[in-house]
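Chemist: Single-letter residue listing:
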Amino acid sequence: EPEVTQTPSHQVTQMGQEVILRCVPISNHLYFYWYRQILGQKVEFLVSFYNNEISEKSEIFDDQFSVERPDGSNFTLKIRSTKLEDSAMYFCASSVNSGSSYNEQFFGPGTRLTVL
Amino acid sequence: AQKITQTQPGMFVQEKEAVTLDCTYDTSDQSYGLFWYKQPSSGEMIFLIYQGSYDEQNATEGRYSLNFQKARKSANLVISASQLGDSAMYFCAMGLRTTDKLIFGTGTRLQVFP
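Protein chains in written order, with my numbering: chain A, 122 to 237; chain B, -2 to 111.
Hints are computed from structural coordinates only; laboratory data are not their basis. These figures come from a predicted structure and were not determined experimentally. Misleading hints may appear alongside valid ones.
[Claimed, not checked] Some chain B residues well away from chain A (every beta-carbon gap over 10 Å; in silico):
no., residue
1, Ser28
2, Ser39
3, Asp97
4, Phe110
[Stated by the list, open to error] Some, not all, of what chain B presents toward chain A, calculated at C-beta under 8 Å:
no., residue
5, Pro6
6, Tyr22
7, Pro37
8, Glu41
9, Phe44
10, Leu45
11, Tyr47
12, Gln54
13, Ala56
14, Ala78
15, Gly82
16, Ala85
17, Leu99
18, Thr103
19, Arg106
For each residue, glycine too, the CB sits at the ideal point set by N, CA and C.
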């Protein structure tokens, strides 16, 4: 069964460093998402991406964050200058269609980011 | 405001028993979807079941069923014949026609004991 994959599974970085989290969505999906989950808290939406453009972003997704689909398979989240509060689990998800009311979003296994 | 509320931070159930995890939602939209995800200790998010706002019948997927009460704005997850492997966090989420994002609740930690 096709699945979303994410690398690395765990990333440790120093405050102020740049990190890139990578995702390979399901191959026939067109819509891609990033969510984050701070330890012990609920999952929060960061951004959605379609046709090489951001289609929606939350207030969390500030100028420190960027997303890119550098080739036909990868989808990346970059944090330019990490802060302690960026420590969280980051989930990539993908779906066939847009509109979350009726579309299952398939989640990857997550990347746990630890900022020291 | 669009919101999901899960009032049970933790639940215990004995193996082979049924358990209900509560979820209430708040939206003024007429078109929405409700999802349940399971998050084991390993961290991944596993989709369990979906209910659309216009679906007249309650959704079922194997041992999972969704008790959808539209007038009460509730979408409770029922797990029948609990297994030890059901021990995990369970998140209720809502999707709306007008947005890409899923709105998650705070989750319920279910522990199944022998």
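Chemist: Once the shortest beta carbon distance from B:Leu45 to chain A is found, is it less than 8 Å?
Modeler: It is violated, given that the least Cβ distance between B:Leu45 and chain A is near 10 Å, above 8 Å.
Chemist: Is B:Ser28 truly not at the interface, in the sense that its beta carbon sits beyond 10 Å from all beta carbons of chain A?
Modeler: B:Ser28 is in fact no farther than 10 Å from some Cβ atom of chain A, at 5 Å.
Chemist: Given a cut of 8 Å on the nearest C-beta pair, is the interface hint for B:Ala78 held or broken against chain A?
Modeler: Check failed: Cβ of B:Ala78 comes no nearer than 24 Å to chain A, outside 8 Å.
Chemist: Taking the least C-beta to C-beta distance, is B:Gln54 closer than 8 Å to chain A?
Modeler: Violated, because the Cβ-Cβ distance from B:Gln54 to chain A comes to roughly 16 Å (cut-off 8 Å).
Chemist: Does B:Ser39 really sit off the interface, with its C-beta more than 10 Å from all C-beta atoms of chain A?
Modeler: Incorrect as stated: the minimum Cβ-Cβ distance to chain A is 8 Å, not above 10 Å.
Chemist: With 8 Å as the cut and Cβ atoms as the points, is B:Phe44 at the interface with chain A?
Modeler: holds (6 Å)
Chemist: Is the interface hint for B:Thr103 satisfied, with its Cβ closer than 8 Å to some Cβ of chain A?
Modeler: holds (5 Å)
Chemist: Would you check whether the claim that B:Asp97 is not at the interface survives, using Cβ distances to chain A and the 10 Å cut-off?
Modeler: violated (4 Å)
Chemist: Can you verify the interface hint for B:Pro37: is its Cβ closer than 8 Å to any Cβ in chain A?
Modeler: violated (11 Å)
Chemist: Holds or violated: the hint that B:Ala85 contacts chain A, with Cβ atoms closer than 8 Å.
Modeler: violated (14 Å)
Chemist: The hint names B:Pro6 as touching chain A; please verify it with the least Cβ-Cβ distance against 8 Å.
Modeler: violated (10 Å)
Chemist: Is the interface hint for B:Tyr47 satisfied, with its Cβ closer than 8 Å to some Cβ of chain A?
Modeler: Given a least distance of 6 Å, the restraint on B:Tyr47 holds.
Of the hints listed earlier, those the structure fails to meet are numbers 1, 2, 3, 5, 6, 7, 10, 12, 13, 14, 15, 16, 19, in rising order.
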